[in-house]
Structures are given as C-alpha cells and as structure tokens.
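Just so you know, full-length UniProt numbering puts 206 at position 206 of the sequence shown, and the rest follows in order with no gaps.
In short, the hints are calculated from the structure, not lab data. Some clues are possibly wrong.
Here are the simulated SDA-like cross-link-like pairs (lysine to any residue), alpha carbons at most 20 Å apart as the crow flies [to be verified]:
#1 Lys145 <-> Gly238
#2 Lys185 <-> Thr97
#3 Lys209 <-> Gln127
#4 Lys185 <-> Gln143
#5 Lys145 <-> Ile198
Per label pair, the in silico range of CB-to-CB distance [said to hold, decoys possible]:
#6 Leu236 <-> Leu123: 24 to 30 Å
#7 Gln154 <-> Arg212: 34 to 40 Å
#8 Lys195 <-> Val141: 25 to 31 Å
#9 Pro208 <-> Ile133: 19 to 25 Å
#10 Lys195 <-> Gln143: 44 to 50 Å
Since the model is a prediction, treat every value here as computed from it, not as a measurement. A virtual CB, placed ideally from N, CA and C, is assigned to each residue, including glycine.
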Amino acid sequence: MTHHSYWVIPCHLNSKVTRSLSVLSEHANKLCHQRGQSLVEAVVVLPIMLLFALLLAQVLYLWWAQQTLFVASQYAARVGAINHGEKRPMRVTLAATMASLTPKDKDIESWQNILKSVAAQQLHGLQFSEIDIVQPTEAMVNQFKERRYSNESQNWIEEIPVDHYWARRQSAENEEAYVSATTLKIEVTWCIELKIPIADKVLAALAPKVSRCQLAQQITGSPFWPLTATAEHRMLSGYR
Numbered sequence: 001m002t003h004h005s006y007w008v009i010p011c012h013l014n015s016k017v018t019r020s021l022s023v024l025s026e027h028a029n030k031l032c033h034q035r036g037q038s039l040v041e042a043v044v045v046l047p048i049m050l051l052f053a054l055l056l057a058q059v060l061y062l063w064w065a066q067q068t069l070f071v072a073s074q075y076a077a078r079v080g081a082i083n084h085g086e087k088r089p090m091r092v093t094l095a096a097t098m099a100s101l102t103p104k105d106k107d108i109e110s111w112q113n114i115l116k117s118v119a120a121q122q123l124h125g126l127q128f129s130e131i132d133i134v135q136p137t138e139a140m141v142n143q144f145k146e147r148r149y150s151n152e153s154q155n156w157i158e159e160i161p162v163d164h165y166w167a168r169r170q171s172a173e174n175e176e177a178y179v180s181a182t183t184l185k186i187e188v189t190w191c192i193e194l195k196i197p198i199a200d201k202v203l204a205a206l207a208p209k210v211s212r213c214q215l216a217q218q219i220t221g222s223p224f225w226p227l228t229a230t231a232e233h234r235m236l237s238g239y240r
C-alpha cells in the first residue's frame with residue numbers, strides 16, 4: 001500500500017504568502033505605471049525643454065545685438081552731426097560698430113579679420129538696414145535754412161547754420177524750434193538674421209512686419225528680426 005506525503009501549510013502562513021504575492025503584484029504594477037508615466041513625460045517635456053533652451057539662446061543673442069545697435073546708433077548720430085546730416089558716413093559708422101556681432105577667427109587681433117568683419121557688415125548694412133532722419137523735418141529746414149557759399153565744396157549751398165550757436169539760439173523768434181531744428185535725430189532699423197534652428201522659425205512668425213527685413217528674407221531665404229533704435233545729437237555742422 002502506497003503512502004503519499006503532503007506538505008501542509010498552516011492557514012496563517014498561507015494568508016501571509018497570499019498577502020506577500022499581492023504586495024509584490026501591486027509593486028510591479030506601480031513600477032510599470034511609473035515607467036510608462038516617465039516615458040510619456042520624456043516624450044512631452046524634453047522637446048519643450050529643448051525648444052525653450054533654443055529660444056533662450058536666440059533671445060539672448062538678439063538682446064546683445066540690440067544693445068550693440070543702441071551704441072552704434074549713437075556713434076552714427078554723432079558722425080552725422082559732424083557731416084551735415086549725410087547718411088553715407090552714418091551708414092559706414094553703423095556697420096563698423098555692428099561688425100562686433102560677426103564671429104571672429106582665433107587671431108582676433110588680425111587686421112585682416114577685422115576688415116573682413118567690417119566689410120561683411122558694410123554689405124549687410126547696405127542691403128538690410130535703414131537710417132531715417134526724423135529731425136530736422138522738411139518744415140524745419142524751410143524755416144531756418146540760409147543760403148551761403150561753402151569753401152569746402154566751392155559752391156553755394158543751403159543749410160541750417162549752427163555757427164555762433166548760442167547767439168543764433170537766443171536771437172531766434174522761437175528758441176525751442178531752433179533747438180529742435182539743430183538737433184539731428186535718427187531712427188535706425190537693422191535686420192538681423194535668426195540663425196538658431198527651430199527658434200528661428202518660431203521667432204520669425206512673431207517678428208514685426210518690416211518691409212526691408214521681409215525683402216532680406218526673400219533674397220536670402222533666411223528669417224530676420226528687425227532691431228530698431230533711435231539716437232540724437234546736436235548738429236556740429238550746418239544741416240544740408
């Protein structure tokens with residue numbers, strides 16, 4: 001007669017094993033849920049973080065360029081005040097100052113590299129920047145201009161004179177109007193290329209519509225952002 005032996009698990013141990021298995025099952029389910037949640041977060045959050053980082057880098061570059069343009073505009077206004085309000089010297093000065101935005105080679109002191117940067121910005125400035133003379137206006141010119149002979153150009157010219165400035169200012173019928181007429185005020189627009197991937201497309205869609213920058217985009221195929229600045233300087237030569 002064959003006898004079979006069986007392991008008999010006490011009831012209290014059986015319930016403990018059941019509870020342990022239940023806890024392990026719940027823990028495994030939680031791990032699976034957490035892994036799935038982490039995967040979803042990675043898929044959603046990481047692209048947003050990447051976009052934010054790219055946008056931040058592009059915005060910081062635009063901020064730096066804007067500060068440079070403020071300085072360049074002041075220099076341009078001073079040069080214009082010395083040169084009878086002519087735009088050509090102002091454009092040259094503006095582009096030379098904005099050349100600091102162009103990446104340099106390792107040999108940063110090389111004259112060749114400096115001239116290359118200035119030349120590149122000169123070309124960019126001619127195509128994609130604009131200097132508007134806000135003041136003096138045409139009405140101011142008509143009110144205060146005088147006809148005189150220029151020893152410099154050897155011909156007769158019309159200009160708002162600034163020689164004997166304080167005497168002219170005090171004798172003017174409208175002193176405030178004369179001060180305004182002898183103060184050069186310019187507004188500068190500089191179209192700067194957006195170069196950081198993804199961020200350039202986002203910012204291009206938000207950029208103010210400026211005809212010159214839109215033209216630049218059509219010519220080059222690259223998106224641009226319009227930077228603007230104003231500057232003023234008392235005329236140091238007669239405005240023509």
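Next item on the list: Run the structure past the numbered hints and jot down the numbers of the failing ones, going up.
Entry: Numbers 5 and 8, in rising order.
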